[in-house]
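*Asks:* The lines below spell out each chain.
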Amino acid sequence: EDQVTQSPEALRLQEGESSSLNCSYTVSGLRGLFWYRQDPGKGPEFLFTLYSAGEEKEKERLKATLTKKESFLHITAPKPEDSATYLCAPLSGTYKYIFGTGTRLKVLA
Amino acid sequence: EAGVAQSPRYKIIEKRQSVAFWCNPISGHATLYWYQQILGQGPKLLIQFQNNGVVDDSQLPKDRFSAERLKGVDSTLKIQPAKLEDSAVYLCASSFEPGTEAFFGQGTRLTVV
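Chains as they are written, first to last, in the working numbering: chain A, 1 to 109; chain B, 1001 to 1113.
Certain hints may be false.
Computed far set for chain B versus chain A, every beta-carbon distance over 10 Å [stated by the list, open to error]:
#	residue
1	W1022
2	G1028
3	Q1041
4	K1044
5	Q1048
6	S1087
7	Q1106
8	V1112
Straight-line distance between alpha carbons at most 20 Å, and here's what the computed DMTMM-like set of lysine to aspartate or glutamate pairs gives [as the list claims (entries may be wrong)]:
#	chain 1	residue 1	chain 2	residue 2
9	A	K63	A	E45
10	B	K1015	B	E1085
11	B	K1044	A	E58
12	B	K1044	A	E60
13	A	K63	B	E1101
14	A	K59	A	E1
15	B	K1044	A	E17
16	A	K42	B	D1056
17	B	K1071	B	D1056
18	A	K79	A	E58
19	A	K57	B	E1101
20	B	K1044	A	D2
21	A	K59	A	D39
22	B	K1044	A	E15
23	A	K79	A	E60
24	A	K63	B	E1014
25	A	K106	A	E15
26	A	K59	B	E1085
27	B	K1011	B	E1101
Think of the hints as simulated: they come from the structure by calculation, not from any bench.
Beta carbons are placed, not taken as given, at the ideal position from N, Cα and C, and that holds for glycine.
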């Protein structure tokens, strides 16, 4: 059975305090892994797609990496506007996104 | 580029009533998804369309939920009759083709009382 686990469930950081979010997965025929950001009351917003182990993508203070079992979202020197829920979604061999429950990030000024 | 449009934004109904949600995807996107997101959880796929055909509806409670995508563009999701546990945000998303990034609408927050 396809499974996705994100940790931690919630994370509070001081502005400028770097950290990493984890996404562990067991998915048949993985075709890619997607990261989304979700603000309260809004739909998820696309951040990155990773297709193969060893691949890295960067956008501003965020960097996503992928291994065969996990993906990490590294956040460097975060700002309060980075506060959101971050969702990972591996794409299965049948082109089905399997969303994790997310990590709620709060960055304090 | 216009995003995914959904309506209504909010809906409150009594249990056993019916409700319908509407979605207009990004122009040219062949794949359309309906997700259910319960508070504190990630989105759960209800149904996936490719053009106007159903690709995956394995997690759609077919005794009460139905969805259609006429002419491969707009889509509607209906619940009849609603139960208390259907209270959630219903998200519509679209992508150019399977495997590409999905773009989400703002969702419809349904409260069943």
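*Asks:* Let me make sure I understand: some of the numbered hints might not hold for this structure. Which ones are they, in numerical order?
*Replies:* Violated hints (numbers, rising): 3, 4, 5, 7, 11, 12, 14, 15, 16, 22, 24, 26, 27; every other hint is consistent with the structure.
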